[in-house]
Every structure is written in structure tokens, then in C-alpha cells.
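So the protein sequences, as listed, match chains H and S.
Residue numbers for the first sequence follow my numbering, beginning at 1 and rising by one.
Residue numbers for the second sequence follow my numbering, beginning at 1 and rising by one.
No wet-lab data here; the hints were simulated from the structure.
Ideal placement from N, C-alpha and C gives every residue a C-beta, glycine not left out.
Please note: incorrect hints may appear among the correct ones.
[As the list claims (entries may be wrong)] The calculated lysine-lysine pairs, modelled on DSSO-like cross-linking and capped at a C-alpha distance of 27 Å, are:
(1) H:K41 - S:K2
(2) H:K64 - S:K42
(3) H:K66 - S:K67
(4) H:K14 - S:K2
(5) H:K41 - S:K42
(6) S:K2 - S:K42
(7) S:K42 - H:K20
(8) S:K2 - H:K64
[As the list claims (entries may be wrong)] Partial chain H-side listing against chain S, Cβ under 10 Å, derived:
(9) V4
(10) C13
(11) K14
(12) L46
(13) L107
(14) F108
(15) T116
[Unchecked claim] Sample of chain S residues lacking proximity to chain H, with all beta carbon distances greater than 10 Å (derived):
(16) E15
(17) D55
(18) F61
(19) D83
(20) I112
(21) P113
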Amino acid sequence: GAVVSQHPSWVICKSGTSVKIECRSLDFQATTMFWYRQFPKQSLMLMATSNEGSKATYEQGVEKDKFLINHASLTLSTLTVTSAHPEDSSFYICSARVRGRANTGELFFGEGSRLTVL
Amino acid sequence: QKEVEQNSGPLSVPEGAIASLNCTYSDRGSQSFFWYRQYSGKSPELIMFIYSNGDKEDGRFTAQLNKASQYVSLLIRDSQPSDSATYLCAVKRAQTGANNLFFGTGTRLTVIP
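In isolation and in its complexed conformation, chain S is listed as follows (with noise of 0.2 Å):
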């Protein structure tokens, strides 16, 4: 079971429209979790992190965190071209040490005009 797993996409959402993004993660002791952007031949730039069940919502995005189904989630409200990217999920593991840090393999989203 690999670490964090993501529907690698497409995902095909109309612009104006509500993308969702999902991720699931093994380690039920997972600590902080952290959604990242990343465009084409570019490097990934932070979204948001989450560290509590519920909902944190920041501008047009919102991330969702349910630790009892080991699930996070990404949603982006009012989807608009410049959000097409592939979005990685990242889990922070409660395990001691630098290397804790687990990267799915991301989600690629369209957002079409």
C-alpha cells in the first residue's frame, strides 16, 4: 500500500466550476498534511496545510481533513484556467527524523474555458 495515493486525473472541471482533489494515507498517525501545486516543468509551491479535522478554507481553495477515514481533500471554488496544474497531496508522517514528509503522486487537473 503505498504511503499517500492520489487519482493521478485527468481531472476535467468547466471554468466557474467546484474541482475536487482526494487523497487517502496509510499511516494513521499522520500529523500534518499539505497540498502543493506544481505547473508543468516547474517546481511544487505550497497551497495550504491542514493539521486538524474539519474544514480550512483559504480564498478559493478549501481543504477538507477527515483523520478517522484517513482522507484529505482540495477543493477550488470558481475554478479558472490558471488553476490547470497538477496538485500533489503531501502527508507528514508521525514518525521522529527529517525524512517524514510523503508525496503522492498527484492529481493532474484542467480547468477548461
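Excised from the complex, chain H in its bound form (with noise of 0.2 Å):
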């Protein structure tokens, strides 16, 4: 169980255009889901903490107007890189909670997406 689907698992775009990537529960229901990024050789880096039916919460440094985040359901929350540019070429990951055992801390992860911006 605790399986997380995410959508799609690579993108390559033209700077200026914007890239939505889906994240989706299959078989339990995420109150809270988080947005990571990960360059290469680097760790994840936690951009955002999406909470559904209200607004994401960002890490410091992060632009909620260009990574904007919509978390409109228990199982689906989105991440659109708006007006994308090189330098947003990275590891998008997003991972959840089970809802109920937030405490365990225990996450779990989709695949990623991968983010060409050219």
C-alpha cells in the first residue's frame, strides 16, 4: 500500500512555457504532500509543503508565484513551473503522508520528473 503515482516522469520544454506535474495518492487518501527538488549529486530540498483545501506553505528562497502548488483533493496535488528557464532544469519529487499516521513521519515517494528546460 501507500503507493504514489507521479506525472509525467519526464518533461523537456522551451524556456518560457509552463510545466504541470501531477502527484497522486492511489490507495490512501495525503492530507499533506510535499513538493522536493534535487539537482545532481545534491540532496532533496524541500520546496513546499502542500495542504489540501488550503494554500501551500514555501521554503525560504522558493517563488510561490513561479512553483505555484494546488492541492484540491486528498489524492491529487499539482506543482506548475510557471514561465520555466534553464536554471529550473532539476528532480521534481513529491512524496506524502498517510492520512492518520502523520506522526510516524514516514513518507512516501513518487517517481519523479525529470525537467529539461532548453
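From these two lone chains plus the hints, build me the complex, please.
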């Protein structure tokens, strides 16, 4: 159980375009989802926390107007990279906690989405 | 001081040997500790978690926690080439709120056939 699906797994886009990445919890409800970014040979960097039905909480240094997060249901969160530029090229990973098991701290990760901006 | 510190490696061990991965954390009140494995180009997958002082064994993996020393480790027995990956240590702090899980930078392990 606790499967998180992320789509697309990879995307190539032109500079200036917007890209949407979806994160779905397939067999559980996730009141909270997390979006991470990972550059080559670096660890996960938390970008924002997505809460169902409310605004996302962004980490310091992450532009909320550039990285739009929507968590409209208990099973879906989306990250939209607006006006993408080459420096936004990275591996974006979502994760979720199982509703009712938040105290354990355990995270389940999606497969990740590799974004390349030309 | 970083929340969670790991030796970035690379750590190389021969096949069949024991690989020892170490992690220290700064918040003494941290509650839960996780080890994730991440293959190149893939997302992390949970290997083990531990809450209490002492050892926790699961197959070839043993997690060791020493809260007094703020130290958590992962031992991999009978290492296999398929264990070659980056191992991320994650720590759940005692603070309330959702943003309380901190990751180390990871240790890259290579098991040599």
C-alpha cells in the first residue's frame, strides 16, 4: 500500500513555457504532500508543503508565484512551473504522508519528474 | 550546523562485506529516524525506520540509534552490487507542523563485485 504516482516522469520544454506535474496518492488519502527538488548529486530540497484545501507553505527562497501548487483533493496535488527557464531544470519529487499516520513521519515518494528546460 | 549530517562518500565495499553508513543530527528532541535508498535518477524508497534506542533488524539491514550521541547508523550485511545507491538519512524533529522531516545529503555506496 501507500503508492504515490507522479506524472510526467520526464518533460522537455522551451524556455518561457509552463509545465504541470501531477502527484497522486493511489491507495490512501494524503492531507499533506511535499514537493522536493533535487539537483544532480545533491540531496532533496524541500520546496513547499501542499495542504488539501488550503494554500501551500513555501520554503524560504522558493518563489510561490513561479511554483504554483494546488492540492484540490485528498489524492491529488499539482506543481506548475511557470515561465520555466534552464535553471529550473531539475528532478522534482513529490511525497505524501498517509492520513492518520502523520505522527510516524514516514514519507512515500512518487517516481519523480525530470524537467529539462531548453 | 546542519540538521542532519552524513558523509557524502563515496563508500566502497567488496561484495559480501558489511557496509556501515552513519548519520548525526542536531536536534536532541528528534523522534523518528529513517533510511531511504535512492538509485541514480530514481526517487527515494524507504528501507527502515527506527524510533527507540538500540538496534532494529530487517533482513540484511540493521538500523542503530543512539539518542544520547545523536547518532543513527545503517548496517548492510552481505552487501550486494544491487545495494549500490545513495542512502539518505532523514530525521523527524519534535517540532509540530508538517515541515519537520529533514534529510541529509546522502552517502553514495558502491559495492564492488
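S:D55 and chain H, when compared Cβ to Cβ, separated by more than 10 Å: 19 Å, holds
Restraint status (C-alpha distance of H:K14 to S:K2 at most 27 Å): 36 Å, violated
Restraint status (C-alpha distance of H:K66 to S:K67 at most 27 Å): 40 Å, violated
Restraint check, 10 Å cut-off on beta carbons, for H:V4 near chain S: 9 Å, holds
Interface-negative label, S:D83 against chain H, beta-carbon threshold 10 Å: 19 Å, holds
Exclusion check [S:F61 not at the chain H interface, CB over 10 Å]: 16 Å, holds
Hinted pair S:K2 and H:K64, Cα distance within 27 Å: Between S:K2 and H:K64 the Cα gap is close to 25 Å, so the pair holds against 27 Å.
Given hint S:K42 paired with H:K41 - CA-CA distance at most 27 Å: 12 Å, holds
Restraint satisfaction for H:L46 [CB to CB of chain S, less than 10 Å]: 7 Å, holds
Check on S:I112 being off the interface with chain H, judged by Cβ distance over 10 Å: 20 Å, holds
Closest C-beta approach of H:T116 to chain S relative to 10 Å, hint status: Cβ of H:T116 sits 13 Å from chain S, so the hint is violated.
Restraint check for H:K64 with S:K42, where alpha carbons must lie at most 27 Å apart: Roughly 26 Å between the alpha carbons, so the hint for H:K64 and S:K42 holds.
Checked against the numbered hints above, the structure violates hints 3, 4, 10, 11, 15; every other hint is satisfied.
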